[in-house]
Every structure is written in C-alpha cells, then in structure tokens.
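A.B. asks: Here is how the chains run, residue by residue.
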Amino acid sequence: MRFDGRRLLRRVTSEQAAAVALIVPSVVAVGVFVYGFIGWSALVAVSRWDTVRPDYTYVGLSNFRNLIEYFRFQIDIRNTVVFTLFFVGACLVIGFSLAALLDRRVWGEGLFRSIYLFPMAVSFIVTGVVWRWLLAPRAGVNILPEKVGLPALSYGWYTDAHVMNIHADSRLGDALHAAGLGFLADPNYGIPVAMISVVIAATWQMSGFVMVMYLAGLRAIPDELRDAARVDGASEAQILRHISLPLLRPVTLSAIIILGHQSLKIFDLVMSMSRRGPGFATDVPALFMFETTFQGNHFSQGAAISIVMLLAVSLLVIPYLFWSLRREARL
Amino acid sequence: MARVVYEHVTKRYGDVFAVNDLSLEIRDKEFLVLVGPSGCGKSTAIRLLAGLEPVTAGNIYIDDRLVNDIPARDRDIAMVFQSYALYPHMSVYDNMAFGLKMRGMHKDEIRQRVQQAAEALDIESLLKRKPAQLSGGQRQRVALGRAIVREPQVFLFDEPLSNLDAKLRVQTRAELSKLHQRLETTFIYVTHDQVEAMTMASRIAVLKDGLLQQVGTPEDLYFRPDNVFVAGFIGSPAMNFIAGTLRGAAEEMTLDADALQVRLPAERSRSLATHAGAAVTIGIRPEDLHDPDFLPARVRGYPVRARVDVTEMMGNEKFLHVFIGTQPLLARVDPRTRARAGQEIELTLDIDRLHVFDATTQLALDKIEIPEELRETPVRE
Amino acid sequence: MTIRWSRVAIYTVLILFALLYLMPIYVLLVTGLKSFQEVRLEQMWNLPSGLRFDSFREAYDALDSNLANSFKMVIPATVVSCMLGSVNGYVLTKWRFPGSDILFFLLLYGMFIPYQSVLIPLVKTLQQLHVYGSLWGLVVTHVVYGIPITTLIFRNYYANIPTELVEAAKIDGASIFGIYRRIVFPLSLPGFVVVAIWQFTSIWNDFLFAVTVTSNPTIQPATVALNNMAGSYIVEWNVQMAGALIAALPTLIVYIILGRFFVRGLMAGAMRG
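Going line by line, the protein sequences match chains A, B and C.
So in our numbering, the last one in the first sequence is 331, and the numbering has no gaps at all.
So in our numbering, the last one in the second sequence is 381, and the numbering has no gaps at all.
So in our numbering, the last one in the third sequence is 273, and the numbering has no gaps at all.
Simulated from the structure, these hints should not be mistaken for laboratory data.
Keep in mind that the hints are not guaranteed to be accurate.
[Said to hold, decoys possible] The calculated label-pair distances, taken between Cβ atoms and stated as ranges, are:
1) Pro-54(B) - Ile-77(A): 55 to 63 Å
2) Pro-88(B) - Pro-319(A): 47 to 55 Å
3) Pro-250(A) - Phe-97(C): 27 to 35 Å
4) His-321(B) - Pro-250(A): 37 to 45 Å
In this text, all values refer to a predicted model and were calculated from it rather than measured experimentally.
Even glycine gets a Cβ: it sits at the ideal position worked out from N, Cα and C.
All chains should be modelled from the sequences, with the hints used to inform the complete structure.
C.D. replies: As structure tokens, this is what we get:
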C-alpha cells in the first residue's frame, strides 16, 4: 500500500513537472521578448540615447515631457483620436448593419459574407497602395461620376491639409470660451480631413470582421425571443433596437477593443497610403516612432513614444482581459 | 367577442404538410386545448394563428376579422412560450411592460396595468429582478404576466408547463383554470400531455400528422372517440386494443378474438348488425376491467378469463398486466385484489364501455352513451 | 407572387455594398491587364481592350525574389508557431497547475502590445544572436510573437474536447506526451487549419517586423518590397497595382479555398479576446 502511494505521488509530480516543462519554453520566450523587452524599452525611454551609439545615461522623464510639448506628437495624438473614433464608429455601424441585413434569410448569404470579409485577408500595405490610387485627387473615385455623365469631383482626399475645427470667433467658440474650454476652438482639436481617407481604407479592411462577429452574435439569440417580441407588438426595427442590440453588448465591446487597439497602433496603412500627409495631417505615433528611431537615430525619443503607445493600449486592453477572463471563469 | 376560426387552413413546408386542411371553430371565452403527439402540427397551428408564419392556404379569422395578411403585432393576441422567452437583459417589470411600450401606451397606464397583473400573479416582489435570478415557476408567472397586461382578445399557450417539475405542473394547471375563469377570455392551449388537456379544456382538438382527428368536450373524447387514434391517445394508461371479427346477426352479435369471446347485449347488437363479418379492433379501457370481488354497483359485467403476468402496486389501485390467450391487456383494479402473478383469474369486463372500431378505416362503428351524471347541457351557439 | 419592398431594399443595399467592397479589386485587375498605352489615370475605370500581362510581368520580375523570401519565412514560422500553440493550449486546458490562469493572462497580453515597444531591444538582441538582417531572424520573431494568439486559439479549441477523454487515457496508463500524441493531436486538425490560416495570413501580411529586421532589399519579404515600389517615383502606377495584386495573391488564394474554416474559427469565438 505504502509503496503504491509513494509511486503515485512521484508520478503525479513528474507529470506536473512535465506539463510545466512543456510550457516553459513559450513562457520564457514571451517573458523575454515581451516583458523583458518592454522593460528594456522603458529603460531606453528614460535615457539619453540620441545617436547610433547606445547611451543609457538616466534622464528621468524629460523625454516624455519633451514629447508632450512637441507639436508633431500633439498632432499625432489628435490624429489618433480622430482616426479611432471614426474608424471604430464606422466599422461598428457598417458591420452591424450588414449583419442585420444578412440575418434575414438572404439568398447568397455565403457569397455576400465572403465578399465583405475578403479584405481582411490582404495586407494593410496592399490596402494602402490600392486606396492611394482610388482616392488620388485626379483619378479614382473623383473621376467616377464622369462615367454616368456627372462632373468629376475635385476633392483632395488625403492631400487635403484642411483641419475642420471650431473657430474661436464662432458662436460655438464663444460658448466654449465662456465655459472655460476656449482652448478647444483650435486646429489642434479639430478633424484633419485627410484622415478620413485613411479611415475609409481601414474600414474597408476591417468592417467585414465586425460583421462576422455581429452575425454570430445575432444567430446566438434564440428565435423565441424575437417571436415573443413580435407577438408583443414590436416591429422588426424595434426588435433590433430593444432586443437584439442590447443582447449584443458583449460583441460590441469585443469589437471596440480589437479595433481600438489596432487603431492605436496603426502603421502599415499610413506608411503605404499617405505617409505623414500634408502638414502632418495623417501622421500617427507609430510612424513618428519609426522615423525618429530608424532614420533619425533618436532612440530614446522613439522608445518614449513606444512606451506612451503601450500605456494607451494597456489602458484599453487590461480591463477588458480581466472582464473577459472573469466572465469565462463564471460560466 | 373573440371567436377564432380556422377555415381549411393548410401549412406546407416543401413536401411536408405540417397542418393539413384544418377547419376548426373556437368559441368565445372557450378554453380549447390542441393536443397530439410531437410533429402533429399543433405548434404550427398556433404559430399560424399568432402570425409568426404565413398560411399556405386557407383563412384564419379572429373575432370574425380575416387576419391572414395582418402582422403578428396587430392581431391583438398574447402568447406564452414553452421556454417563456423572457428578455434576459430586462427586469421583470420591463419584460411585462415591453408590449405596452411598443404600442405607445402612457407610462402611468403601463405602471398601473403591470402592478395589477403582478399582484394577481403574486410576483410583485420580483419586479426589479432579471429573469436569470428567478426560478422556473417564477419565470412562468412572469411570462403569464406579460401576456395578461396586454388584455388581448385571445391567449395562446405553447406547452407552457413542460419545463416545470411534476408537482409544480399540477399546481399551475389549477391556477391556469382559475385564471381562465377570472379573465373570461378565449384560451387556446397547445400540449402533448393529454392529462393537461383533460383537466383544463372546455373542448379538446386532437391532431395527428397535421390532420384534425376529433374535436369535442373531454367527455366526448373519452367516452365517444371517433377513431382508434383518439381512443388510444386520450386516457392514461392507454386503452387496450384487440383485433377480432364481428360475427352473428341481428340481436346476437359476438366479438370473436380467439381466446376472448364477447356476446354483445341486444341494443349494441342491433346497432352493429350491419357490420357483421367485418374485421374490427376492440377497445377496452384498463379502468373498465374489474376484479369481480370489487365490482362497482352500476356495472353490467361480462366475465373473461385471464392469466396474470405482472402486478404493479400504485397505492390507490393495482395494475394487472394479464394475458387473455396470447393477447396482452392492462387492467386497473381495486388494490385489495387477491390476484397474483402467475395466477389464472376471472376479470369482469364492463360491457357498456366496450368500443368497436373498423379494423381497416380505424373509425368507430358505433358510439356508447356518455353516463347520465357526466352529461352537460349542450353549449348554445 | 407579391414583391415585398423591404426585401428589395435589403438586396439593393447588400449588392451596393458588395460592389463597394469589390471596387478596389476591380481597379487592381483592370489596371494590371491593360497595355502600357492604355494605362492612364484618367481612364482608370475603363475596361482593358485586350488581355495584356505586361504589368504583371514587370511587377513579378521586380518582386520575384521577395516573394520567395516571404515563402521561405512564412512556412517555417507558421509550422513552428502552430506546434507551439497546440502544445501550450493542450497544457493550459488539460494539465492545469496553480497559476496557469495567471500565466495565460500574461501570455495573452503579449498579443495586444504595440510592437513598437519592443522594436529597439528586438533589433539589439537579434544582432547579438547574429540573425539580424536575415530571414531566420524574422522567423524567430514571428514564432515568438505568434505564441499568444496561437495559444489562445488552441486553448479555446481544446476546451471543447471533453476532459473525460484525457482522464480515461490517464487511467489506461498514458503519459502526458502519450495523451498528446495519441488522443489530442489526432483530434486537432480543425484547430490546426484555423491557426495555420491565421498565422500564414498574419505573417505574410506583416510589415513592421519585416521592415525593421531586414534591410537588404534582396532579403526583404514581399510586403516591404511592395511598399518600396509604391513609394518610388520611377515605378509606374500600373506596375504598382499589379505588384499589389501579386503580393496579395497567396493570402487571397488561401482565403478563397480555405476561407470557410477562417470564418468558422472567427464565429466560434476565437477572437473573443
């Protein structure tokens, strides 16, 4: 008896050890390449590495302070906020609408689904190249109306340097000023019109994904709930608004997180489509970081930008991961 | 006035006739139960009435108004679903108020109606809770409440008791009957459980494979089934069926089923005389086979010999599984019976409660009389 | 047969959007198939008069080696990261030990970080390992940073394999490796398909790591080469379009042929987070 017990104990521990051993390489790899490197970047961010030769002299948070005061970075923040709001918003609206339509027992649903989803399969670089030409001022979408006899558009798309903002001397501007928020009436808090072009390209790429998520969510709602609502007196639109949409909140949240964290990191698309744009209209932190680090050799500044990006993404993602894993545990 | 009429209603899915030429009239304030085995079309029938599916052919009238093309929300009906279909993200109050809100009713009036219904159903304390926090019985009452506040012309029920445990089911059956009496509105109720049908219905409609088999009061269906299917479906445990032949002539007909030979009384013989020689199915309910020692006074008995195979003690009665020759039968007898497994015994058959069906058409060849004391005065149109 | 106008409206919208989504592909195809004379910005929307493959040939010549580089990098990276993901998912779902949940959370976080925050150390480390600037450096990079997502997908997939199977195997005497080899691995095909498609697509389409880790144009993968082509002033725009199509072709083909598994994986909640 005792002999068996000891053998069992040894087998159990050896199996646990084997399990741990199997996963250790990955853990170590991620530990080093993710957490270790983040720490290293943080170190660089508080150093004075400004040339090709590494320099780890400690300078505290001065890099961050300089960044916040640097106009290009301020514009980057503005651009990121604008891009995120429009991109996530457009994807949610379009994705949900298409899903709601496809949910209605449509002929060729599979085909439509495939068409809306395929842009996800191509690289952001490809997307950028194509949409650069589609939205070029003297070509693409602008000349399309000529095909049906209408005059061509002369819109500037991503070459348009204009920033839509509240003017200080408008009525809204005065109202803001009275409320002590006068600083909002400034191009720094406006919408760079060129960004819309990038939003269009990005939405083309990702809205199919949101659509699939919503479609799966809609399919998961029991038919009886909708039948009950119909008998209760709701029209199809009312059912969407009062029944389906609220029950889809988890999907909406997941979509916002996934899209949101992508938009904070956006790089490839901007790189191939418009670069920094006129007057930095489409500049983004990732682009700034890349240029300043690998072309300007200002490693510390680049590291500081990357740490700011990391913090922004973490603010979004960590609460979500908690919420999501907690929910799974409860199920 | 909410009379419901199905006029030659058919619902087809491809080659399958879910509902086949159904013509049925449901009177105002009736409690009509649609009953039948799964797949018989009863759920489809009320979904057609609710407007959740369009009819393939035929007309449906609610309160003498043709509703074929009227969408569900304008038919003034309320429905209780099998799974209750409560909106999980809304509170009990909001669940009950939803239909009224969709119709643009004023907030105060909504509140009043919901309060009233909640009081009547004893769920006032649950108004703020969400469905996930309620028990099965509570959810069922919320589903009821949601239907009641609408004050519709017709209430539809789709197997609302099947998710409840046995004890709760019995309790709720009684409550539903009381509710029907109080609300004085037409109830159309779907179930596969013939016990629910027998206990609650003012009339029952039996369906099989999309076809209406018979419609009548519970007594009609129990004592005077139109065909073998209805006879076997209504009543639990089910009726015993024996294959046999009708022999003899005029006043002396016999049912010949090999080991079982039954000489029919004069009146019966007369009405069956025209079918002499026909192959028949004899129907005897288990409760109509008695232990001769404990025979009820009014029964005109006919002796049959049988061999006991298994006995089951049910408490208030005993089930005897017997063989007459090679024919298995079930008898429900007084629990004091001295019959034991393996014994040869004599049973008394209640000759007035024998059913005879044509073996080929399955239809009843004649009908027995409903006992005096169970007869109701016919309902006036 | 009554025409329900709501159905007409639905189909109209769906078809309209389908056209919008296909618009770029149309332009890509049409431009690539035109002869050099026909390629003019003002005539972007016109159909080609005949089928010419000049643009494609020129683009292919330019991207030729880069496409090969992409394949040389993507295939090993995909295979290895699939295996790692499978083993990790297996351990995390069937052999839980104290702290495995926290470990998983920490692993997942790696999926969301902006890679900018690890670029500088990554470059330095790869240089130390003497793989900087080579395709192997890229393979290592993609394998490591692919661990979180592949682990996630496999974990969700293996959660659906009943634990009773593993327990029965344990009683039968199998070891942790034996159970994987004989029970879990044979059941993993759908999981591998989803992960392989996802990784192939992600790694092929990656730009940031590619442009950071490799600097020699002969070594760079297709995405970087395409971007260079797009940014240059000498290359004609029709060649750029043809190049874009060529560079996108492998992932598009994977999508068209194996796309249903892609969608199935997404709809099954692999991306729930």
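A.B. asks: For every hint, state whether the structure bears it out.
C.D. replies: Do the hints match the structure? See the list:
1. Pro-54(B) - Ile-77(A): 55 to 63 Å: holds (56 Å)
2. Pro-88(B) - Pro-319(A): 47 to 55 Å: This hint is violated: roughly 24 Å between Cβ atoms.
3. Pro-250(A) - Phe-97(C): 27 to 35 Å: holds (29 Å)
4. His-321(B) - Pro-250(A): 37 to 45 Å: Roughly 56 Å apart at Cβ, these two residues miss the hinted range, so it is violated.
When held up to the earlier numbered hints, the structure conflicts with 2, 4 and fits the remainder.
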